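*Asks:* This is what each chain is made of:
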Amino acid sequence: MPVGSLFLRGLSKKVWVSSLIYLILMLLIFFSTVNAQELTPNAPSDNEVNAIAKQLYCPVCENTPLDVCPTQACSEWRELIREKLASGWDESQIKAYFVEQFGDRVLATPPARGINWLVYIIPPLAFIFGGIVLFRAFRTWKKPAEMGDKNLAQPSSDEYINRLEEELRKL
Amino acid sequence: MMEDIETEITTAESNRTPESIRPRWGRIIAWLSVAALLALLFFGLLRTQQGPIGVGQKAPDFTFTSFDGKTYALSELGGKVVLVNFWASWCKPCEQEAGDLELAWRAYQTRGDVVFLGLAWTDTERKSLEYLEKFDITYPNGPDLGTRISQTYRTTGVPETYIIDRNGILRSVKLSPFLSLDEIKASIDPLLNE
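Protein chains in written order, with my numbering: chain A, 1 to 171; chain B, 172 to 365.
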């Protein structure tokens, strides 16, 4: 047998074994994936978890939304959201659960109750009040100028001021 | 002459119309509102700046339900020395003292006049239970729901331990993990002889 044919035969055997191993591995991966999907048919995606997580804040860190919080604790809370979603809970139920467990601090916006009402009432009231103050200020700024012009043209019609000025002149 | 002027001024003041008085009420209300808002902010800031409750004060009462469903109220533990430990499963320093706390509990349990209570702070139930199992913790533990108890005690983090005497007075606060069993005993033993 020629040396070349022996080499090819050896090579094809190696390729054949490698291909077989590769095929077995691919089949294993395929079936394990299919089984995992069958076990968790309603497994929530990361996007679904993060959609809720970004509306909640880490109860331990300062001002860090749960979806971007890098701590181990936040990772566990995101996992908790995933579990609740998989159990069929909706967004409002999950948020209520987090409030019950960790307090109002986990919410991005404070609930409108108790002293929290001030957060919703004060800014619009301050805006309206500021508008009124500005309106009144503009009016009063305009009046003295107009009155000043009139004062130059004619004496004051206020008897009290005329009398006062007259008495001051006498001093 | 001056008397005439004063009389005129008095007359002028008495002749003021209600329209000229009304804006003053507006100003008073506005200033009062600003003062009230500033007072609220002041007390809010004061509260947040306060540290944990002071040693020697009456320990605030609280009620919690343990992971196994039993309810505990501090007010019902009068006459006993109570150790309240705030912890979390994600807290590494908490692990440092977990074993020693359990050893201390086992040492005092038979006496009947010492109670250990563990409160899981901002933790998930599953992880809390895993933690309790890992350190074989047998004293009552439960979640600090809504972080209400930790807010009452004005905790600054975990682990924190509060030791309350038989009269319900807070006698010591530990804002870091206990480093040994002896340290825990040194905090409790003097209270047992009172």
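Please keep in mind that the hints were generated in silico from the structure rather than gathered at the bench.
One should not assume that every hint holds.
Keeping only pairs whose Cα atoms sit at most 27 Å apart, straight-line, the calculated DSS-like set for lysine-lysine is [what the hints assert, rightly or not]: (1) B/Lys229 x B/Lys305; (2) A/Lys84 x B/Lys229; (3) B/Lys298 x B/Lys229; (4) B/Lys298 x A/Lys95; (5) A/Lys84 x B/Lys251; (6) B/Lys305 x A/Lys84; (7) B/Lys298 x B/Lys241; (8) B/Lys298 x A/Lys54.
Only some residues are given here: those of chain B computed to face chain A with a beta carbon under 7 Å [to be verified]: (9) Ala210; (10) Ser246; (11) Lys298.
In this text, all values refer to a predicted model and were calculated from it rather than measured experimentally.
Glycine is no exception: its CB is placed at the ideal position from the N, C-alpha and C atoms.
*Asks:* Against each hint, give a clear statement of whether it holds in the structure.
*Replies:* Tested hints:
1. B/Lys229 x B/Lys305: violated (34 Å)
2. A/Lys84 x B/Lys229: It is violated: about 40 Å lies between the C-alpha atoms, which goes past 27 Å.
3. B/Lys298 x B/Lys229: With a Cα-Cα distance of about 32 Å, the restraint between B/Lys298 and B/Lys229 is violated, given a limit of 27 Å.
4. B/Lys298 x A/Lys95: This hinted pair holds, its Cα atoms lying about 19 Å apart.
5. A/Lys84 x B/Lys251: Between A/Lys84 and B/Lys251 the Cα gap is close to 40 Å, so the pair fails against 27 Å, i.e. violated.
6. B/Lys305 x A/Lys84: Since the Cα atoms of B/Lys305 and A/Lys84 sit roughly 25 Å apart, the hinted pair holds (cutoff 27 Å).
7. B/Lys298 x B/Lys241: holds (19 Å)
8. B/Lys298 x A/Lys54: The hint holds at about 22 Å.
9. Ala210: Violated. Min distance 12 Å.
10. Ser246: violated (23 Å)
11. Lys298: holds (6 Å)
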